[in-house]
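Q: Protein sequence lines correspond, in order, to chains A and B. In terms of our numbering, the first sequence is residues 11 to 378. In terms of our numbering, the second sequence is residues 11 to 378.
Among these hints, one or two may not hold up.
Copies of one chain are not kept apart here, so a pair can be met inside one copy or by any two copies together.
[As the list claims (entries may be wrong)] Taking lysine to aspartate or glutamate pairs in the DMTMM-like style, the calculated list, with each CA pair at most 25 Å apart, reads: (1) K345 x D297; (2) K12 x D365; (3) K157 x E209; (4) K12 x D124; (5) K12 x E189; (6) K12 x E37; (7) K12 x D170; (8) K12 x D378; (9) K12 x E117; (10) K12 x D297; (11) K12 x E41; (12) K345 x D175; (13) K352 x D65; (14) K345 x D100; (15) K12 x E167; (16) K345 x D56; (17) K345 x D133.
Since the hints were derived computationally from the structure, they do not count as laboratory data.
Protein chains: 2
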Amino acid sequence: MKIGVIGGGQLARMMVPAAVKLGLRLEVLAESADASASIAPHVVGDYRDLDTVLDFAGRVDVVTFDHEHVPQPVLHALVAAGVAVRPGPDALVHAQDKLEMRRRLTELGLPVPDWTPIESPADIQAFLGAHGGIAVVKTARGGYDGKGVRVVRAAGEAADWLDGDVPLLAEEAVGFTRELAQQVARRPSGEVAVYPLVESVQQAGVCAEVIAPAPGAGRVAQEAARIATTIATELGVVGMLAVELFETEDGRLLVNELAMRPHNSGHWTIEGAVTSQFEQHLRAVADLPLGSTDPRDDWTVMVNVLGGPADGSLDRARAAALAAQPAVAVHLYGKAPRPGRKIGHVTAGGADLEDVAYRARAAAAAFD
Amino acid sequence: MKIGVIGGGQLARMMVPAAVKLGLRLEVLAESADASASIAPHVVGDYRDLDTVLDFAGRVDVVTFDHEHVPQPVLHALVAAGVAVRPGPDALVHAQDKLEMRRRLTELGLPVPDWTPIESPADIQAFLGAHGGIAVVKTARGGYDGKGVRVVRAAGEAADWLDGDVPLLAEEAVGFTRELAQQVARRPSGEVAVYPLVESVQQAGVCAEVIAPAPGAGRVAQEAARIATTIATELGVVGMLAVELFETEDGRLLVNELAMRPHNSGHWTIEGAVTSQFEQHLRAVADLPLGSTDPRDDWTVMVNVLGGPADGSLDRARAAALAAQPAVAVHLYGKAPRPGRKIGHVTAGGADLEDVAYRARAAAAAFD
Chain A
11 MKIGVIGGGQ LARMMVPAAV KLGLRLEVLA ESADASASIA PHVVGDYRDL
61 DTVLDFAGRV DVVTFDHEHV PQPVLHALVA AGVAVRPGPD ALVHAQDKLE
111 MRRRLTELGL PVPDWTPIES PADIQAFLGA HGGIAVVKTA RGGYDGKGVR
161 VVRAAGEAAD WLDGDVPLLA EEAVGFTREL AQQVARRPSG EVAVYPLVES
211 VQQAGVCAEV IAPAPGAGRV AQEAARIATT IATELGVVGM LAVELFETED
261 GRLLVNELAM RPHNSGHWTI EGAVTSQFEQ HLRAVADLPL GSTDPRDDWT
311 VMVNVLGGPA DGSLDRARAA ALAAQPAVAV HLYGKAPRPG RKIGHVTAGG
361 ADLEDVAYRA RAAAAAFD
Chain B
11 MKIGVIGGGQ LARMMVPAAV KLGLRLEVLA ESADASASIA PHVVGDYRDL
61 DTVLDFAGRV DVVTFDHEHV PQPVLHALVA AGVAVRPGPD ALVHAQDKLE
111 MRRRLTELGL PVPDWTPIES PADIQAFLGA HGGIAVVKTA RGGYDGKGVR
161 VVRAAGEAAD WLDGDVPLLA EEAVGFTREL AQQVARRPSG EVAVYPLVES
211 VQQAGVCAEV IAPAPGAGRV AQEAARIATT IATELGVVGM LAVELFETED
261 GRLLVNELAM RPHNSGHWTI EGAVTSQFEQ HLRAVADLPL GSTDPRDDWT
311 VMVNVLGGPA DGSLDRARAA ALAAQPAVAV HLYGKAPRPG RKIGHVTAGG
361 ADLEDVAYRA RAAAAAFD
């Protein structure tokens, strides 16, 4: 079984150890020869070009993804050509297009923030009027890590986007107390595996830290599992699904975003769960039995390494992190330091949350 | 930092996930294009050919090994050319040549079976006479997995070996109750990290199963740690060192064999220890701070997958193993099934040894 991964970022990179372990072959369609996943067998090409992608698909048994940017026409052409595309285009569109996602989740009766499609300043004005003068305007496509999202208090603040080609939606600015993420995996046969609910701590729109399991989640964890399982099943997702959620002051959950691939909020599973999200994703897309999602420690904390050391020396910073925290797992993505760039992450586990978080943060701080 | 691994077997293969994790680049000098480690960047060449090895060494920052078969003249020529060779030839010779190893350990006052070099039938006869008519005759070089080892009761039983080119030694046939293995890692600075002592269960001269930690080891574990630390330090080992030990009925330990690389008896560390032996080996050869060797479970059991399924279908067997044991880690080496060949291993962990061993054996049995 040979798995083709479209996209050569760190998510494809972290699938490599899982493929090595399971004895599955893997090949990457990378954006460039120095992509993070170019440590694996790869070809370099443009994932938007149908001929390139068809040629790549011909070299493998099943196609999956490092990102959700492959255009729908390309995905549908692959399916028409008989390629096993997992997740398939009709599922993936809900991770590509926020309007499609909001429509479908609303149809399914799942909890989402109030939302509406936006086509004019008047649409924004009306939505602002109905929601206390504040709204979150999003581009339906192309956003990630806080990009394509803008909090507005007047219609004119989204004027540039209204002039663009990308459809927009407005959502209520949810008064949430924290952000949570629920990972599940689903294989073609329908088998679903549910991970523990986690808390995702954001800074400036980017995930900074993940705590597994989400402290004090209780009943909310059951609700999150129900929501994610429903989405995976009803949308026919194959592979990992990450459901990003808001928890409100009154204990409700609202779905924020979907990702149909391994996700930053699941990196903790590499050391923290019996089966990592990367191995689980490969098992699911290869239609193999799913693995145990049980946690391996009482608490696991993952901290992203963002930007990298001021002196530019990853070698020095890595040595400092390993020396300071011999029991913390340090993951680097083979990416050059650049302000704000995710270049790695660290993971600690143990019985005492305060100690675990301290050790993870201390290891990450070695990269400042 | 780019690490060159000479040899493309499963040990080099299992270094790949560790290199991916730490952000270290790795390149393999493989025996063939379909070697187990050919999933990593590699060149194909003969490790006995100096020009080939020098050319390979020129592409990397440090050279290490998947096996101990690189000839001493090649190793010394690398050192003379300024290549960082870890472990170096003067350490590695003790894993290559059992006579050198026995001489040195005897000098160091470490416990070994009675032994003598053998050059003639009379030498064997004399050793048999002094040891109750039974001896273990070994070729000093080239043996592994039970090859190059023969139990003899008469001098004539080793006549073919006496006619050969390889020096021989005779050792007492130790009345041991079990075999143990002690892993340690040492980096150039001298830092040593000691793993828990494990029990290694052999079948027909091949490691079948490893139990970590060795049940009821107690004081013996301290002695094993002392022996292995002494060997690593006195011999100047860099990287992983595995010391295979006999435990005798009266509770003594005797050193059997040495390996200066990751070793089958340490595969349990991938899931069972905070830092795997493969990551530890890379840390040591890259002169990075060593990681924690703490176990992650009360008990870890590793079972080798030998030979492979009778119907030849690894895909079917893997799916059966994953379905039967969702919490057991299944590792396959990308090798075709063949009677007696190590093609993978499985690892289980938990609080109850009987349950852990049952689950590991059940997963391995799916490959019968």
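Q: All hints are to be evaluated individually against the structure, with a verdict given for each.
A: For each hint, the structure was consulted:
Taking CA atoms no more than 25 Å apart as the test, K345 paired with D297 passes between copies only; the shortest distance there is 21 Å, against 31 Å inside one copy. In this homomeric assembly, K12 and D365 never come within 25 Å of each other (Cα to Cα): the closest approach is 41 Å inside a single copy and 34 Å across copies. When the C-alpha separation of K157 and E209 is checked against a cutoff of 25 Å, the pair qualifies only within one copy, where the shortest distance is 21 Å, while the shortest distance between copies is 54 Å. Taking the closest pair of Cα atoms, K12 and D124 never come within 25 Å of each other, the shortest separation being 43 Å inside a single copy and 52 Å across copies.
In this assembly of identical chains, K12 and E189 lie within 25 Å of each other by CA distance neither inside one copy nor across copies; the values are 36 Å within and 39 Å between. Proximity of K12 and E37 under a CA criterion of 25 Å is satisfied in both settings, with 7 Å inside one chain copy and 22 Å between copies. For a Cα distance limit of 25 Å, the shortest separation of K12 from D170 qualifies neither inside one copy, at 44 Å, nor across copies, at 47 Å. In this assembly of identical chains, the alpha carbons of K12 and D378 lie at most 25 Å apart only when taken from different copies (24 Å versus 39 Å within one copy).
Taking the closest pair of Cα atoms, K12 and E117 never come within 25 Å of each other, the shortest separation being 37 Å inside a single copy and 53 Å across copies. In this assembly of identical chains, K12 and D297 lie within 25 Å of each other by CA distance solely inside one copy; the values are 12 Å within and 35 Å between copies. When the C-alpha separation of K12 and E41 is checked against a cutoff of 25 Å, the pair qualifies both within a copy, at 20 Å, and between copies, at 23 Å. Within a single copy, K345 and D175 get their C-alpha atoms no closer than 32 Å, and across copies no closer than 51 Å, so neither meets the 25 Å cut-off.
Taking identical chains as interchangeable, the C-alpha atoms of K352 and D65 are never at most 25 Å apart, the minima being 31 Å within one chain and 35 Å between chains. When the C-alpha separation of K345 and D100 is checked against a cutoff of 25 Å, the pair qualifies neither within a copy, at 32 Å, nor between copies, at 37 Å. Proximity of K12 to E167 under the C-alpha cut-off of 25 Å is found in neither arrangement, the shortest distances being 48 Å within a copy and 50 Å between copies. For a Cα distance limit of 25 Å, the shortest separation of K345 from D56 inside one copy, 20 Å, qualifies, whereas the shortest one across copies, 33 Å, does not.
In this homomeric assembly, K345 and D133 never come within 25 Å of each other (Cα to Cα): the closest approach is 42 Å inside a single copy and 62 Å across copies.
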